[in-house]
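Chain by chain, the residues:
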Amino acid sequence: DTGVSQDPRHKITKRGQNVTFRCDPISEHNRLYWYRQTLGQGPEFLTYFQNEAQLEKSRLLSDRFSAERPKGSFSTLEIQRTEQGDSAMYLCASSLLAYRGGWSEQFFGPGTRLTVL
Amino acid sequence: TQLLEQSPQFLSIQEGENLTVYCNSSSVFSSLQWYRQEPGEGPVLLVTVVTGGEVKKLKRLTFQFGDARKDSSLHITAAQTGDTGLYLCAGSGLYNQGGKLIFGQGTELSVKP
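Chains as they are written, first to last, in the working numbering: chain E, 1 to 117; chain B, 1 to 113.
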């Protein structure tokens with residue numbers, strides 16, 4: 001069983017360019033989450049999916065950010081017109097929610113480190 | 001807004017010493033998870049506590065969930081250099097089980113030989 005994988009691990013881009021990150025969750029997991037982490041801070045929630053439905057988006061997620069999970073498996077996070085303030089580690093996590101109202105554990109991928117020059 | 005405050009933010013100790021990290025909130029959480037993160041990597045799940053007053057042990061690590069489910073602590077006995085890392089607590093909201101996690105800002109632990 002492989003864990004959560006993310007691609008690329010590192011991305012350096014120039015301000016104004018678009019970038020896209022991919023996340024492959026643990027295969028049987030139905031929930032997928034995106035978080036952002038800056039240096040010295042804990043991760044901050046961005047958005048999450050149950051299967052292909054996007055259930056919640058943070059106010060941190062500006063119009064330049066979009067996330068998809070088209071077939072309920074892998075997910076992509078796109079940032080358009082990147083800004084230097086977007087530089088951060090972007091983390092993906094997945095979980096299996098067994099039943100409505102239950103709790104689940106989130107397992108994280110290795111992250112994608114974005115540097116905007 | 002639910003917040004989790006971790007203390008201390010930084011901790012530097014000698015190998016063999018004991019330490020405790022605290023995670024506090026004014027909000028009730030349905031569950032609380034502890035993670036350890038190495039530089040440049042994602043957080044790795046250590047434990048999940050769900051029931052108020054619950055105590056879980058993982059070798060030299062002891063995790064406790066407060067009776068009111070508003071706070072938690074992590075105690076490490078006889079710390080080793082391999083325990084060095086960033087320790088994060090994260091809570092799941094009372095009415096949002098299985099949804100987003102609220103993270104504390106982390107405790108950076110350095111264990112010196």
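Misleading hints may appear alongside valid ones.
What the hints assert, rightly or not - List of simulated lysine to any residue pairs, SDA-like, C-alpha gap at most 25 Å: (1) B/Lys70 x E/Glu44; (2) E/Lys11 x B/Glu38; (3) B/Lys70 x E/Gln84; (4) E/Lys11 x B/His75; (5) B/Lys56 x B/Ser110; (6) B/Lys70 x E/Lys71; (7) B/Lys57 x E/Leu39; (8) E/Lys57 x B/Lys112; (9) B/Lys59 x E/Lys57; (10) B/Lys112 x B/Leu94; (11) B/Lys57 x B/Leu45; (12) B/Lys56 x E/Leu97; (13) B/Lys70 x E/Ser5; (14) B/Lys112 x B/Val28; (15) E/Lys57 x B/Gln14; (16) E/Lys71 x E/His29; (17) B/Lys59 x E/Ser58; (18) B/Lys70 x E/Lys14; (19) E/Lys14 x E/Gln84; (20) B/Lys70 x E/Gln41; (21) E/Lys71 x E/Gly40; (22) B/Lys112 x E/Leu39; (23) E/Lys57 x B/Ser110; (24) B/Lys59 x B/Leu94.
Simulated from the structure, these hints should not be mistaken for laboratory data.
Against the 25 Å threshold, does the CA-CA distance of B/Lys56 and E/Leu97 hold or violate the hint? holds (22 Å)
Is it true that the CA of E/Lys14 sits at most 25 Å from the CA of E/Gln84? holds (9 Å)
For the pair supplied as a hint, E/Lys57 and B/Lys112, confirm whether the alpha-carbon distance does not exceed 25 Å. violated (41 Å)
Going straight from one Cα to the other, do E/Lys71 and E/His29 come out at no more than 25 Å? holds (13 Å)
Decide if the proposed pair is consistent with the structure: E/Lys71 and E/Gly40, CA atoms, cutoff 25 Å inclusive. With a Cα-Cα distance of about 35 Å, the restraint between E/Lys71 and E/Gly40 is violated, given a limit of 25 Å.
When you check the alpha-carbon spacing of B/Lys70 and E/Ser5, does it fall within 25 Å? violated (32 Å)
Hey, B/Lys112 versus E/Leu39, does the alpha-carbon distance stay inside 25 Å? Given that 25 Å is the threshold and the Cα spacing comes to 22 Å, the pair holds.
Distance restraint between B/Lys70 and E/Gln41, which requires alpha-carbon spacing of 25 Å or less: Distance of about 21 Å is within 25 Å: holds.
For the pair we were handed, B/Lys56 and B/Ser110, check the Cα-Cα distance against 25 Å. Holds, because 23 Å separates the two Cα atoms, which is no more than 25 Å.
Can the restraint linking B/Lys70 and E/Gln84 be considered satisfied, given a maximum Cα separation of 25 Å? violated (36 Å)
Taking 25 Å as the top limit, are the C-alpha atoms of B/Lys57 and B/Leu45 close enough? Holds: B/Lys57 and B/Leu45 sit about 14 Å apart, inside 25 Å.
Against the 25 Å threshold, does the CA-CA distance of E/Lys57 and B/Ser110 hold or violate the hint? Judged against 25 Å, a Cα distance of about 35 Å means the pair is violated.
Of the hints listed earlier, those the structure fails to meet are numbers 3, 4, 6, 7, 8, 9, 10, 13, 14, 15, 17, 18, 21, 23 and 24, in rising order.
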